[in-house]
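Asks: In case you want the letters, here they are:
Number of protein chains: 2
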Amino acid sequence: MDASGRTVVIREVGLRDGLQSIAKTLATGRKLEWIRGARDAGLREIEVGSFVPPKLLPQLADTAEVVAGATAVDGLTVSVLVPNPKGAERAIASGAHSMLVPLSASRLHSLANLRKAPDEVVREIATIRAMRDAAGSACELEVGISTAFGCTMQGRVAPDEVLRLVRAVLDAGVDRVGLADTVGYADPRAVRELFARAFDVAGARLACGHFHDTRGLGLANVYAAWQAGVRRFDASLAGIGGCPYAPGASGNVATEDVAYLFASMGVATGVDLDALLALRAKVAQWLDGEPLHGAVWRAGLPKTMREAV
Amino acid sequence: MDASGRTVVIREVGLRDGLQSIAKTLATGRKLEWIRGARDAGLREIEVGSFVPPKLLPQLADTAEVVAGATAVDGLTVSVLVPNPKGAERAIASGAHSMLVPLSASRLHSLANLRKAPDEVVREIATIRAMRDAAGSACELEVGISTAFGCTMQGRVAPDEVLRLVRAVLDAGVDRVGLADTVGYADPRAVRELFARAFDVAGARLACGHFHDTRGLGLANVYAAWQAGVRRFDASLAGIGGCPYAPGASGNVATEDVAYLFASMGVATGVDLDALLALRAKVAQWLDGEPLHGAVWRAGLPKTMREAV
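Residue numbers (our numbering), protein chains in the order written: chain A, 1 to 309; chain B, 1 to 309.
Chain A with its partners taken away, still in its complex shape (with noise of 0.2 Å):
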């Protein structure tokens, strides 16, 4: 981590929290067009896919797939989502770099989206823990501690629940851990007082800031996270996503927006915004119908910001 906060790091998800919102399937050979694409652009962490039943998101039953094809591209750090403890062991052996558990601090949308309640999902972490060390595998392992802010579903989540889970999936064995507003609940200053206290319990191990633009509030609180010290954060090209058992929710921060407010800001992300701005022209020509979202694609870049390249 960069404690000056003049690099930060932007991890693409938008093949996976974007694409699994979207009706639409993407072809293999786009995703990895994709992902080359990203890393061309100066990406060099992205989360290409999710090892859930196939049957559930269809839209990501190639990972396996676009993992093998991703690991091939020089320079990326490939994660995949994965729910449980056969996910993992789909994880591990398809040679991803990192793995990411979500873990839901809402009791009521733990149980709706994993039909498990968060202690529950706490033993499973624990278990691929396990399975990973006993595979001999490098595979990182993270958890996103989703609806931190909030949850649709049941409302307010009790900041000291979610600092009491970001403990327990460390002491579970995890490598990293981030607070993730999957429902767009977030507000600034609710992020820098969460995040705050968090960098309290997990030091460096706090290690991503996930936010969604439901409200408008996205950029605002990637902003005050970055104030919290938090210098890794999830982002979608072109704010595809969502959750789909989180009525309402849509719209991960976009990775362009993102990238132009950490630009602008004279932090180094490594990304050519005139490269990522091409590629999310791309993309959403594939995307053709589906809602897309973002900001600067529309006015284009600052004649200040040319000046100063």
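Heads up, a few of these hints could be off.
Any copy will do: because identical chains look the same in the list, a pair fits if it lies in one copy or spans two.
Stated by the list, open to error - Cut-off 25 Å, straight-line C-alpha distance, at most; resulting in silico cross-link-like pairs (DMTMM-like, lysine to aspartate or glutamate):
#1 K86 with D133
#2 K86 with D171
#3 K303 with D175
#4 K303 with D160
#5 K116 with E140
#6 K116 with D272
#7 K55 with D175
#8 K24 with D119
#9 K282 with E140
#10 K24 with E307
#11 K116 with E89
#12 K282 with D171
#13 K303 with E193
Worth flagging that the hints you see were computed from the coordinates, not collected in a lab.
Position chain B against the provided structure of chain A, taking the given hints into account.
Replies: Below, chain B alone, put in the same frame as chain A:
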């Protein structure tokens, strides 16, 4: 000003900055219905029009009538934009409580917009102050420094030049001054830095932040300005607006989203969000076919906010 930041004022500028950029002319009766609706939703400051030549902005030709109607509404501070002493004369005669003179920190923008260099505008502002005093009027004189964060024509605008103009208009006798990101070039870091320096110059007379959401950073910039100590913000219902002389500029921050941002952080604005969203729906109907913006109207308020109430 509330130094604690627990209360802020939102000044509705949709009737001026919004309507001037929309081809459709709203009938005077509807403008007054909008104004009463805004008051009923808890807004207390409204910019209702502009004393520019009606040929330039026929949409605002009824400004004197609108001021007359608006000042009859209890509990409202009614402001108008005036580009020059002739406009100020009409504003003073109209009985408006406050007049706002735009002063572009970009020389090119100033020449294009007002056909005058910034320092000529400063001299006119001194004239306006003298006129106001000679008339025995209590009409407050405020200056909005536009293109304070950059300009589509000129590119970079030097912060030192912005601060020089802040000093100059204070010397010219204005009551209040604000900084405006007319074309959506600002970022949270620039906002914090420039407002901090401007507070050093102007103290409590620095009393407004005006942000556009052109590139998605509008609310992040509002938040950054609030962190810097700004307690009064311009915003436009449904995010309508822009600057006819600044190509590519579009969309003030949406009043309903700014109100939601502060409500979510526990900062009081006096706004009843349900009433404001109902008003937005009504105005959106009137402006059917025009480009509208904003986020919270689409997803609705979070369950957590309902619980808090």
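Asks: Against the structure, test the hints numbered earlier, and report the numbers of the ones violated in rising order.
Replies: 3, 6, 7, 8, 9, 10 and 12
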